[in-house]
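Participant: One-letter residues, chain by chain:
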Amino acid sequence: MKLIKEKKIRIKNENDFLNARGIVKELAEEIGLSILSQTKITTASSEILRNMLIHGNGGIIIIRIIGKETKKGLEVICEDKGKGIPDKELAFQKGFSTNKSLGLGLPGAKNLVDEFQLDSELNKGTVVKLMVWKR
Amino acid sequence: MKLGNLLLITIQSEIYDSLGIKLLNDIAETLEKHNSKGILLDISSVPIIDSFMGRIINNIASISRLMDAHTVVVGMQPAVAITLVELGLEMPNILTAINVEQGIELLNKKITKMNRIDEADQGEKDTD
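Here the protein sequences come in this chain order: A and B. Under our numbering, the letters of the first sequence match residues 1 to 135, in that order. Under our numbering, the letters of the second sequence match residues 1001 to 1128, in that order.
These aren't lab readings, by the way, just hints derived from the structure by calculation. The beta-carbon is built from N, C-alpha and C at its ideal position, and this holds for glycine as well. A hint or two may mislead.
[What the hints assert, rightly or not] DEER-style ranges, computed between Cβ atoms:
{"hint": "1", "chain 1": "B", "residue 1": "Glu1124", "chain 2": "A", "residue 2": "Asn57", "range": "55 to 61 angstroms"}
{"hint": "2", "chain 1": "A", "residue 1": "Leu90", "chain 2": "B", "residue 2": "Tyr1016", "range": "25 to 31 angstroms"}
{"hint": "3", "chain 1": "A", "residue 1": "Asn57", "chain 2": "B", "residue 2": "Gln1102", "range": "42 to 48 angstroms"}
[As the list claims (entries may be wrong)] Here are the simulated BS3-like pairs of lysine-lysine, each with C-alpha atoms no more than 30 angstroms apart in a straight line:
{"hint": "4", "chain 1": "A", "residue 1": "Lys110", "chain 2": "A", "residue 2": "Lys72"}
{"hint": "5", "chain 1": "A", "residue 1": "Lys94", "chain 2": "B", "residue 2": "Lys1022"}
{"hint": "6", "chain 1": "A", "residue 1": "Lys124", "chain 2": "A", "residue 2": "Lys94"}
{"hint": "7", "chain 1": "A", "residue 1": "Lys5", "chain 2": "A", "residue 2": "Lys134"}
{"hint": "8", "chain 1": "B", "residue 1": "Lys1022", "chain 2": "A", "residue 2": "Lys12"}
{"hint": "9", "chain 1": "A", "residue 1": "Lys83", "chain 2": "A", "residue 2": "Lys8"}
Bound-form chain A, shown alone:
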């Protein structure tokens, strides 16, 4: 795996959120993902970024273009130092929400990407990794 490009953005407010979402879309386009794949990874990032703002008091997003053999991928890592997720299994249930939302964020985002990884520790924070590959 080779790191081709990396962008780090601090997320503190709605403005950073939209800006970060724009950069995800821009880099997705740069590696030649289809419009559908661009839309999926950007929407998935949007769900995770919102979680980060609401539950984690913001955090950092790292967007990377990765090379693996002959293919390219886009990795989106969202890190916060918030309260963490107490019950991960519950958090992935469609419809479960702690803030009156639709509860689609985590399961929905997972559905939209090729690889999904969630690490969360109570009162320490949450890291979500999303990955899509150019086919």
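Let chain A serve as the given structure and place chain B on it in line with the hints.
Facilitator: Then chain B, alone, in the frame of chain A:
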């Protein structure tokens, strides 16, 4: 923008969550003020609709129904539609049209149908 008894609302590009909530309130107030019977919500230039924005659209449709108006969502991009379905967001009560012209046609049909039902109810009462 007002078009007879219809409201045409165009969402330009991407909007913040707080702007989405403001939009919902503004629409409800405008519906009451102008006694509009239909909303055309043009989202053809919106590249990303996530669960929050999807919920705003669902709410606009539900609120308009409670206020005796119909909402037609116009111009959803194909990639957005596929993504919303895979995200798991359901929009069972949303009327849609490919473009503004067809949206207006659909709304006018809906409004005419509602007027006919009202007139029929009125007729029944008169004969009592």
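Participant: Could you tell me which of the numbered hints above are not met by this structure, giving the numbers in increasing order?
Facilitator: The structure breaks none of the hints.
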